[in-house]
Amino acid sequence: MIETLIFSIEIIGTIAFALSGALRGIEKQLDLLGITILGVTAATGGGLIRDILLGSHPPLLFVNPIYVIVAALTTVIAFIVAYITQYYHYQFKNHLSSTFGSLLNLADAIGLGIFAVIGVQTAMQGGFFENAFLTLFVGIITGVGGGMLRDVLVGEIPFFLKKHIYFLAALLGSTSYYLLIKYDINNVIAMTIGSLLTFLIRLLASKYRWNLPKIPSKACADLDHVENHL
Amino acid sequence: MIETLIFSIEIIGTIAFALSGALRGIEKQLDLLGITILGVTAATGGGLIRDILLGSHPPLLFVNPIYVIVAALTTVIAFIVAYITQYYHYQFKNHLSSTFGSLLNLADAIGLGIFAVIGVQTAMQGGFFENAFLTLFVGIITGVGGGMLRDVLVGEIPFFLKKHIYFLAALLGSTSYYLLIKYDINNVIAMTIGSLLTFLIRLLASKYRWNLPKIPSKACADLDHVENHL
Amino acid sequence: MIETLIFSIEIIGTIAFALSGALRGIEKQLDLLGITILGVTAATGGGLIRDILLGSHPPLLFVNPIYVIVAALTTVIAFIVAYITQYYHYQFKNHLSSTFGSLLNLADAIGLGIFAVIGVQTAMQGGFFENAFLTLFVGIITGVGGGMLRDVLVGEIPFFLKKHIYFLAALLGSTSYYLLIKYDINNVIAMTIGSLLTFLIRLLASKYRWNLPKIPSKACADLDHVENHL
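Protein chains in written order, with this note's numbering: chain B, 1 to 230; chain R, 1001 to 1230; chain D, 2001 to 2230.
In case anyone wonders, no lab produced these hints; they're calculated from the structure.
Restricting the straight-line Cα-Cα distance to at most 30 Å, the calculated cross-link-like pairs of lysine-lysine (DSS-like) are: (1) B:28 x D:2162; (2) B:28 x R:1162; (3) D:2162 x R:1028; (4) R:1162 x D:2028; (5) R:1028 x B:28; (6) R:1028 x D:2207.
Per label pair, the in silico range of CB-to-CB distance: (7) D:2186 x R:1012: 42 to 52 Å; (8) D:2179 x R:1133: 43 to 53 Å; (9) B:186 x D:2086: 42 to 52 Å; (10) D:2216 x B:60: 41 to 51 Å; (11) D:2066 x B:73: 38 to 48 Å; (12) D:2069 x B:63: 34 to 44 Å.
Here the structure is a predicted model, which means the values were calculated and not measured. Backbone N, C-alpha and C define an ideal beta-carbon position, used for all residues, glycine too.
From just these sequences and the hints, can you work out the full model?
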């Protein structure tokens, strides 16, 4: 029962990240196969990096094909829906880009929350419970890894470097999950709370444009010439 | 004897991928050293990723320097040839770009076919014969990995996301090799058939522009504004 | 005592690479969090890749948080200094870009020298002393790895593919360190000499524009059309 619930959470995260990859691929004008590969990469990349860091060989995604299959199916369905509805979208251009952008943001936030928590769980099960730093760090990398590979492969700066609060949301969600497990809260409840917390912080930050400070672009305008001095 | 033949196939793949890296580097205006590094990365990257995934430490490319040496020599020779023939090419501009593009495509197709089969072989020898999914997946990643690193390092979207049928060709070649071994066909013959199959599908797809469907660019025109909504 | 000195060298390298990441992040208009992540990635990426290659699980950066903490602090301080001094820089535009570019170059050169030597040391301690090829190769990858991840994540071609002599400097520094250890020179002295050698070659190459040959851009002008022929 518990295992079924945990597995369901994993599958929701897989679908969400696969969808984010499919949307990125459509945006980048990839064909059906390219979109599928990008969706599978987004959905399995975080777990792959986690397994490499923790030394689990071969990585889980190769041992149990279910994640790749679910991710591939998700992207194919997303492609078909996008293909069918494209003519409709010609007439509502602004509508499309806002829907599209919101959907990518939403899917990525769901995946981030779920995979960060799964990463923490895997590190704890791997015997690193005592090392909170390692456990949380591996969790966050699991959360951001799939999206990172997805974005780097198509030449975009990854969300976790650009989006306000992205990394912070994963850190807070992972930490809350870690503490709940430490105080013996039921695993499924703890996973749900940790994932939801990451998800909500991400979406609120998006909606209300919570920003961290940066050096204004005016001061950087002349940086275009930096390369000449390197 | 058999070992010599297998080793020869490996070296052909190494030369082909090193050449593809050299051509990418020349295209990107890298200097001799940059081109050499890119060639070595393309030639050894697939095997490196394979060894990391299967947990072989340290990766083969560090243990036996022959692959790095062959790849470096290949790129230096390619550079010298390009350097000498550049003046000739000034006079035949269209000729150069079509020759150049075809050559990169050809070299990449040879490398893809050979490395996919070598990846499958390594996974089988690593004791994963029973798990066909893992074996084929690792094979394909070995095939596409070198080209992926080559393209990501210079800021290009990798071939396996963009080129028609690229991934599919590696999948069909790997699968045919796997089945031939399963039915006790001689390894060298099986490797040759598997590699040739990948190579031929890739080239035919290139020549006849076999395309998978994608969402037409008109529907995506307004996606330029997607980022604003994230 | 010896350990304290070696640790100090490591921390200097960590600070230098973190600074290079912070400067890249400011240049790319990332916010405070993005800059911090990029700085930590630059400072710990080389060691992370080294540990993955040598099969040390979990990688050192997760086991001992000191490197991440030092790198994060460095980037935050760099951000604050840049934030405070930006108004000053409005008035001295050329000054800013040349200062900025020189500083990024300098920080990267210090990090490269130190991490290449540390990589060689780790490979030797890991029992690979006899295999000079592996030891030096792993050293160089440790040196260039952090900067590679830093640059790829923000969509730039990494220094080690573009900068004159970059790879060669790391190779010469690593080799000198390796030979000094082989002839029983004190480790701290050997590390200092190896790091300084890399650093000096890098800076001299930068200052005097030591260049390796490349195919002139005129010959490559028509390569813009290469993609059409693939």
